[in-house]
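Both chains are given apart, each in its own frame, so use the hints to dock them into the complex.
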Amino acid sequence: MDRVRTVASLLLGGALMVTGTGCSDAGDRQQSEPPPRSSSPSATWEDEASVEYSVDASTLPTAADLAEVPRLDVSGVLIAPFLVMSSGVAGAQPPDELTWPVAPSTDTVALETAFVPLTAFFAGSAEVNADGIPNVEEQAFAECERGADERCTFNTDTGRVTMRVPEEIDRTRPVHLIVQVEWDVVDSASPSSFNSILASYAVLLEP
Amino acid sequence: LKYVPMKASVRPAAHEPWPLKPSRSEGTFGGVQPSPLRTFVYNDQVTKSLGCAVNLHHLVMKRIHRTLVAAVATCAVFSLLATPAMATESSPDDVPPPLTNAEMQAFVDSEPGSEYPDEWTVDASASFVVTEQMATTDPMARSNPYDSRTGITPTDPTVVGADPVASSSLENGTTAAVSPNRAPTPINCRASQDYPHRSHTIARRINTHMIGSCPVTPVFHSLAGATYRQMWYGWLLQTAVVDVTSKAYMKVNVAFRCAPGTYDRYRTYGRFYGLHTNGYKSVSYRDSYAFAECR
Numbered sequence: 001m002d003r004v005r006t007v008a009s010l011l012l013g014g015a016l017m018v019t020g021t022g023c024s025d026a027g028d029r030q031q032s033e034p035p036p037r038s039s040s041p042s043a044t045w046e047d048e049a050s051v052e053y054s055v056d057a058s059t060l061p062t063a064a065d066l067a068e069v070p071r072l073d074v075s076g077v078l079i080a081p082f083l084v085m086s087s088g089v090a091g092a093q094p095p096d097e098l099t100w101p102v103a104p105s106t107d108t109v110a111l112e113t114a115f116v117p118l119t120a121f122f123a124g125s126a127e128v129n130a131d132g133i134p135n136v137e138e139q140a141f142a143e144c145e146r147g148a149d150e151r152c153t154f155n156t157d158t159g160r161v162t163m164r165v166p167e168e169i170d171r172t173r174p175v176h177l178i179v180q181v182e183w184d185v186v187d188s189a190s191p192s193s194f195n196s197i198l199a200s201y202a203v204l205l206e207p
Numbered sequence: 001l002k003y004v005p006m007k008a009s010v011r012p013a014a015h016e017p018w019p020l021k022p023s024r025s026e027g028t029f030g031g032v033q034p035s036p037l038r039t040f041v042y043n044d045q046v047t048k049s050l051g052c053a054v055n056l057h058h059l060v061m062k063r064i065h066r067t068l069v070a071a072v073a074t075c076a077v078f079s080l081l082a083t084p085a086m087a088t089e090s091s092p093d094d095v096p097p098p099l100t101n102a103e104m105q106a107f108v109d110s111e112p113g114s115e116y117p118d119e120w121t122v123d124a125s126a127s128f129v130v131t132e133q134m135a136t137t138d139p140m141a142r143s144n145p146y147d148s149r150t151g152i153t154p155t156d157p158t159v160v161g162a163d164p165v166a167s168s169s170l171e172n173g174t175t176a177a178v179s180p181n182r183a184p185t186p187i188n189c190r191a192s193q194d195y196p197h198r199s200h201t202i203a204r205r206i207n208t209h210m211i212g213s214c215p216v217t218p219v220f221h222s223l224a225g226a227t228y229r230q231m232w233y234g235w236l237l238q239t240a241v242v243d244v245t246s247k248a249y250m251k252v253n254v255a256f257r258c259a260p261g262t263y264d265r266y267r268t269y270g271r272f273y274g275l276h277t278n279g280y281k282s283v284s285y286r287d288s289y290a291f292a293e294c295r
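So the sequences go chain by chain: F and C.
The opening residue of the first sequence carries number 1 in my numbering; numbering runs sequentially from there.
The opening residue of the second sequence carries number 1 in my numbering; numbering runs sequentially from there.
Just chain C, with the same shape it has in the complex (with noise of 0.2 angstroms):
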């Protein structure tokens, strides 16, 4: 359940923190502040090489010539170093592409933590484990595990055999083997979903990412979610987003170009899914509520 009693009439000014619930820790809500018009990546190599070029002049004109044969080489060396890290700018008022699926692909397979550094903010949310009734309550798990809308909790006390603590046998990285007689071990899969946030890379874009870190890898690993926006009627889908892999770790960044300049309140509901080699298959669900200002 999810509650956010409050009038959106309080809203505050542009670049003010709206006065939501008390975040956990220190710091505003949304984050909202104000960034500089033009971004501009500093690059010492530039300012080296310019160094070089003072050297080089210098030893022309002087006719140095023994010492320029070693300038040149050094200068050489330090061009190469600047050439693909030279300064760059970017402008809020370029309009940021939409995502590729290039791009997509890129983000899921790329390692932890080797993008988007400055906004990747992960909850380390409890596991999820889904017995073996659940394989056999789900209409939707023989003909096609992808889409399972079977959730569970490690805590729910109604299902038979979700015990979180039963998966600690598998950190040995291993699947049990299925049997007939006996229920599969329990799988325990990590769903991490952050909040709707103003993207801090690409200008105009909400992002809301979802990762899913299963202990072995499985057969199937899908990860859902999809992005609404609040309108007075409810909520209106802004972006929908479905990807499989068989690795053990994946994610997806839930990603959409926003109107520049709106303050809304945003709702991501993530589904992610795992079906193992032994015959386990593991399905939670996570919403996340958030205004964002668009810019």
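Okay, chain F solo, but in the shape it has when bound (with noise of 0.2 angstroms):
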């Protein structure tokens, strides 16, 4: 009977050995599987969301060129930025309060530079807070990048560049638009940087 009983414990014990299985139990076995794969290919990329473009060297600042920053030119309103923050410098920080310039309405802004943007972003709401500053939930936003689009066009024929306000900015009411623009610098000082340098502006459009 004891033989029996060896033979059988060790039996048990061999297929514990082989089979793994012997101490655990459901709820291990469903946290021991990985995490759920919560980024397939299909769910982290979009065909049209990577946009390659070309630039011509000439037309790129340094951090000098841009040392003041334009302003930008709202239907003839010549509007200050209200934040600058450069990618290699912290610290900047935008304000408590807005005040926004009234212009009139307009399908184009300009800057007095000849240096073309890398991006430029556009955010519109018709309301703001007490304070003048956007609710970010309540912002229609749109981006332009450096590169030829119909829609959003960085134009320097005239020495300056005119980018097209997008559509997807309801003009209709007044809209409460900020304008962030983004050139990328060529620091000379530094030349194994990776720079670029963004300005806010605010204007409030007449419908």
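No lab work stands behind these hints: they were computed from the structure.
Just so you know, not all the hints are guaranteed correct.
Derived Cβ-Cβ restraints for the label pairs, each shown as a range [unchecked claim]:
| # | chain 1 | residue 1 | chain 2 | residue 2 | range |
| --- | --- | --- | --- | --- | --- |
| 1 | F | E206 | C | T201 | 44 to 54 angstroms |
| 2 | F | N129 | C | T277 | 56 to 66 angstroms |
| 3 | F | N155 | C | F220 | 49 to 59 angstroms |
| 4 | F | L78 | C | G261 | 35 to 45 angstroms |
Note that CB positions come from ideal geometry on N, CA and C, so glycine has one too.
Take a look at the structure:
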């Protein structure tokens, strides 16, 4: 009888060793599985979200060229940036309150500079908070990247950059428009750096 | 150009896909799926060792010494197997450490597909090519090849010689000699960049992967990326990474720690640069946008 029990015990232990399932339960098994794959290629990628473009290097500014960030021309109203940030310098903070210069409605805004921006960011909202700060969740936004596009172009023919306001920004009523322009800069003092300058403007566009 | 005509006010509840543009195929944008609170890495060797213990206990009690020797040896083997891969636990409550230089370097040096297999999604994007014209027009090309700011696409008709087909002559892995009377042979490198997304291995981290792959070993190979978060006043820089190697294949993870519980829109701006022995340099830019939840 002992031999039978010995053999049975050995068989049981051997089975545990071979299958490796003896001490697991359903809960462990469930938790042992890898986390849900929440980023499959189809979920992560979109065809049109990556953009390549070209640019003439002679149009790229240095940091010194943008030491004084140009004003934004909106229907003849010159607007100074309320925030200028550099990717290489931390510390710039957005204002706690914001005032909105009023400008007549227009399809394009312009910058008195020949340096083609890397990107232009547009965000429009009908209402703002009491302090003049827009609610980001109420903003409709659009971006333009450097490169040819018929809906939003960087035009330097006249010696200044003109940017067309995307049609996604509703201008049938007064709109609080934020324009952020980004230049990538060539810094001769630190050529291996990876810098850009971002200037944000605010304007209340009449319908 | 990138337009996203939508209002953020339509933000869905947590763990629901953002109703953005349709994905390329099936799947939910952003992939916000709940993950288990605790991740337990199961290991069969643990229970195998337990089986050893059962056997040993019985053999000792029954004084079956000859079998005992064999069983001890067997258990020793299993124990050795189990030791390096013991069950581990991780919790999202643990604050992930920031990436160290060594970790980043290991990521770059590792072979393709050997790390982060569950989140390494690569865009089979078009190659890029740069002509000698670009090497002469870029003021940074002669002083410092790392910081060229000239980009070009293979299909750009305005650039002389920017014919991607021409690069097929380089498939044998050779490079043309520099000649003053002959334009260097174009070299196509591949630039791939995925979208800003939540890390699946480290909590509270947003990753964007970049891969640069050239058919021949370049003199310099550089990837630079910067990830921004959308604010009411525009884009706010979150992190910037620059890495340089002389290898034909390199990759960089533009990663940063995010605020848990947030659901923001991110943008990663990537620059791919290669300087080749025949004098050609190749530069390409990529921009990718995505919403990502931090947790």
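Results for each hint:
no.	hint	verdict
1	F:E206 with C:T201: 44 to 54 angstroms	holds (51 angstroms)
2	F:N129 with C:T277: 56 to 66 angstroms	holds (58 angstroms)
3	F:N155 with C:F220: 49 to 59 angstroms	violated (35 angstroms)
4	F:L78 with C:G261: 35 to 45 angstroms	holds (41 angstroms)
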